[in-house]
Amino acid sequence: MNDAPEKVVEIDRGVAKLVAAVLGIGGILVGVVGFTAVGSLADNLVAQIGLGVGAFGVLAYVLLDPPAVQAALTGRRARYASNSLLMSVAFVAILVLGFVVLMDLEEKVDFLTVDLTEDQQFSLSEQTLDLLAELEEPVHVIGFYTDWQGVLKDDAETWLKEYQFNSEGMLTYEFVDPELRPGEAAQYGATRPGVMVFTQGERTAEATLADERNMTGALIRVLGGEPKRLYALTGHGERSLEEFGDFSLQQAADTLRRENFEIETLNLFASGAVPDDADLVVIAGPTTQFRPQEVEALQAYLDAGGSAMIMMEPSATTGIRTSGVQDVAFSPDGGLLVTASADDTAKVWDAASLQETATLEGHGSDVQSAVFSPDGSQIATAGGDATVRLWETNGSEVAVLEGHQSTVWRVAWSPDGDRLASAGLDQAVIVWNAESGEAEQVLAGQSLVLDVAFSPDGTLVGAAFEDGSVRVWDTNGVEIANQRPHVGQSMAVAFSPDGSRLLSAAFDGTVGVLDVESGVATTHELYPDLALTDVTFAGEELVLVAAVDLTVRAWDADLESEQFALATEQTDFIWQVSVAPDGDTVAVASGDGSVELWSLAKRERLDTLRGHASGDPLLSYLADSWGLTVNDDLVVDPGGLFDEFTPVSFAYDTFSPITEPLARAQLPTFFTAARSIGAVETPPENVEVVPLVLTSNQGWGETNQAGVVQPDEADNPGPVAIVASAENMMTGARLLVVGDVDFAANASLQQESFGNLDLFVNAANWLAEAEELINIQPRSSTFRSFSPLPGPLYVLVILLSLCFVPAIVLAVGAGVWMQRRSRH
Amino acid sequence: MNRRTTIVLLLVVVLLGAFLALTRTETLDIGGEEAEEEETFEVIPLFEEAAMDVAVAFSITDHETGDRFAAEMVEVGWEITESPSEPEGDLVIDVLRLDAAARSLTTLTATRQLSEIESLAEYGLDSARYTLAFNTIGGNQYALDIGGETVAGNSYYTQKPGDDLVSLVSAASLDTFVSFLSEPPYTEPMPTLEP
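So the protein sequences, as listed, match chains L and S. For the first sequence, position 434 matches number 571 in my numbering, and the numbering has no gaps at all. For the second sequence, position 62 matches number 107 in my numbering, and the numbering has no gaps at all.
Keep in mind the hints are simulated off the structure, nothing from the lab. All C-beta atoms in this analysis are idealised placements derived from N, C-alpha and C, irrespective of residue type, glycine included. Possibly wrong hints are sitting among the right ones.
Claimed, not checked - Derived Cβ-Cβ restraints for the label pairs, each shown as a range:
(1) 292/L - 134/S: 29 to 35 Å
(2) 320/L - 99/S: 35 to 41 Å
(3) 161/S - 263/L: 41 to 47 Å
(4) 555/L - 134/S: 46 to 52 Å
(5) 185/L - 140/S: 44 to 50 Å
(6) 402/L - 161/S: 45 to 51 Å
(7) 288/L - 134/S: 50 to 56 Å
(8) 298/L - 208/S: 56 to 62 Å
(9) 140/S - 615/L: 57 to 63 Å
(10) 208/S - 170/L: 42 to 48 Å
(11) 320/L - 134/S: 43 to 49 Å
(12) 150/L - 57/S: 56 to 62 Å
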């Protein structure tokens, strides 16, 4: 038996305590990290072992050195530490609990919401608040969201809480899962999951998106009862309320639909009358004149207490002839004159006596062009009814050539009389067989075709385009040249007598010269501040151009110097200058309805022909029956948005329900190339005219359109009105006239910091007698995106935030610690 | 720390905690009711036990019109045993369509299952419009009643006979079978090489 004593392994107590401390702290750390990573202790072996080892380490430490632990827990330091710990814990607990309690209260009572977003995207608009405040009967909203539409449902609930809170309990809501309760979805007509149905009594209205525009729209519809019926007139090149695109009014129309309007189009010429159920008629920027019978139909509707919104563009922005005598031509023997007019007729005149010999009636629309055949036996006319018509000189119609899709601006006869060429709003030039009336060539253009001409030998066709270009084809349709010598609209073209050059006159004051053989075009800047509307040759030596200062100016054939100018007494654009076969007499056709005859040699006016109805029937009606004049000018305001032709207005009538909310919200509106609206000195009886939106005091109506831009005696002095309303107190009829249509176009409505949409919608509501809906529209929220910082800047930000700032804190802490240690 | 301060702090914490506990309990009570209605959204196999099996015969019956389409696998492929209409001309059975349809049967899935059913009529399942049935090579029989469409129109309400659950099954999956009733799977014969 071995009695040797057992060897006792002595372990140093200090080492054991160290091991226990390491195990305790290390184990707890591993346990906490493991728990944090998984989020649960169940099935989390790492966390369980870590916490177990940690607990064992702590226990071992306590058993190895109980006095030290007791001292640590009851000593002075411990008391301070425990006080601090308790304070910290209590402070954090109060913060956390306080926050949670406030959130709970916030859910019950909406008193804490503060919208700090720039465009107040979580706040209800005035319009919505007013509607909610004025609720007289309860409205119940049912949100049909499935369980997989959690995010959408949360968005909807955020808004619904706001609606409920601001309605003081008059609006309540609930959510229904349409997959779980399809019967309820069918009962309320929910068309799909993710919609809200607003209900009041038997009425329902659906909001298809959870945003204020859609929800308030649904609220309006459910409160509004029968929808308002709006008719948008067509047939005169009006802007569309349906199509997408910068120039259409689709967004404005959609807003009206949300506000309980039903919108339909109406061709007044075809229907003959405004339907009885019309609450409002909208005329959105017509580019051709209304026919007298259409104006009569509109008048009948308004006389019966109807309402209309008329938006008119300045004629200068379209380059389109809309009034007066639009074309004039001499017969080959010079004995006759033919004139084409916006009064729907062309007329034949004895050139000597200026007596009317025949009236050509048949277009049923404005006649834009008229020209004699080379043998003088026939007349070709073109007009707003998209046709070219052939006539005997006694006024009997010979043929109707159909092929254009829209208004035909100009028609020309080939020198041999075999062909006709016509140019139209449908961007096409059509070459016709004059004998059969068949279209031989359809030459597609790239923009509106404003003029067309045959070369003297009849082998070429030249055309002027709205985009400033000119093109030449042979009669087989082969393109010879395509140049763009102008920035502004090419208004007219004319071949030189020898056929070598094609001259074009443009709205930018330039004349283009296209060398037909080489196809090279040069631009001659004749009048930088004066728009040109026509160009023609007077013999081989002179070139005549018509300018918007109502002069005809003669230049030498090489366009090197102006020879003389003929100052007409006409009061509207000169649309056409025609030279008689004698080479001396010139006929000047004007938008004021007159034709002046001049002698080039004597440079004096020979006579003035008047016989066509002048002016636009619609504008005449507005002036006569409503006291409103739509001025033929262009509003200029030095404080414009982009330039002086885009006036911005803060000057509103503060009493009109249309503009009062804009004035109150200090929301500006802007207009693009507008014309001014005036009032006659003595308004018709019972009609109250109110200028609603004015330019600044520095603004004015420039009558010299595209010419010299400075106020002068001929201009309409500012401030001028761009929007005006009129109300007939006897009949209750209401009218709103705007000298611009672009203000309500899609492109303009993108600028939400302006009140253009509010102006349009308020006007529509006022006209439809829905004043309770007039206010400021809800805005859509600004989309903001995060753009990652460029590489070096990103690294710098990371270093500053993650390294530099913590390093400073650590350094300060270390400094304090060392200082205290050195004191002891 | 002053004892009074400590007591005040603790009191505040206790009061806040008590308020929270009280309000949270109310919320949980309400939430509990909601939670019972909350359903799952996942891909749920309808015939889990048949997932590894092969369908060898299937049929679909339109209970409204009485039309029935049935097909079964025979040695040489698929045979249509019952059809609302006969093929015109030289059309032959579209084996590929039938095969693809049969393969999808055992792996049909639901996108959602509803358990709190108040009335089957709401889902068109009180008297189902269609019944889809199939047999597998393992000798098992399965059936599925097909009711109305969901509001979105992308799923059908379905129910396995004897099951309490109503399952939402993609319309795209079931329309294949429904279409057999109006357009039985016949096709032009494959061109053969002439010697």
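Here's how the hints hold up against the structure:
no., hint, in the structure
1, 292/L - 134/S: 29 to 35 Å, "violated (57 Å)"
2, 320/L - 99/S: 35 to 41 Å, "holds (39 Å)"
3, 161/S - 263/L: 41 to 47 Å, "holds (43 Å)"
4, 555/L - 134/S: 46 to 52 Å, "violated (59 Å)"
5, 185/L - 140/S: 44 to 50 Å, "violated (58 Å)"
6, 402/L - 161/S: 45 to 51 Å, "holds (50 Å)"
7, 288/L - 134/S: 50 to 56 Å, "holds (54 Å)"
8, 298/L - 208/S: 56 to 62 Å, "violated (39 Å)"
9, 140/S - 615/L: 57 to 63 Å, "holds (59 Å)"
10, 208/S - 170/L: 42 to 48 Å, "holds (46 Å)"
11, 320/L - 134/S: 43 to 49 Å, "holds (46 Å)"
12, 150/L - 57/S: 56 to 62 Å, "violated (45 Å)"
The structure fails to meet hints 1, 4, 5, 8, 12 from the earlier list, while all remaining hints are met.
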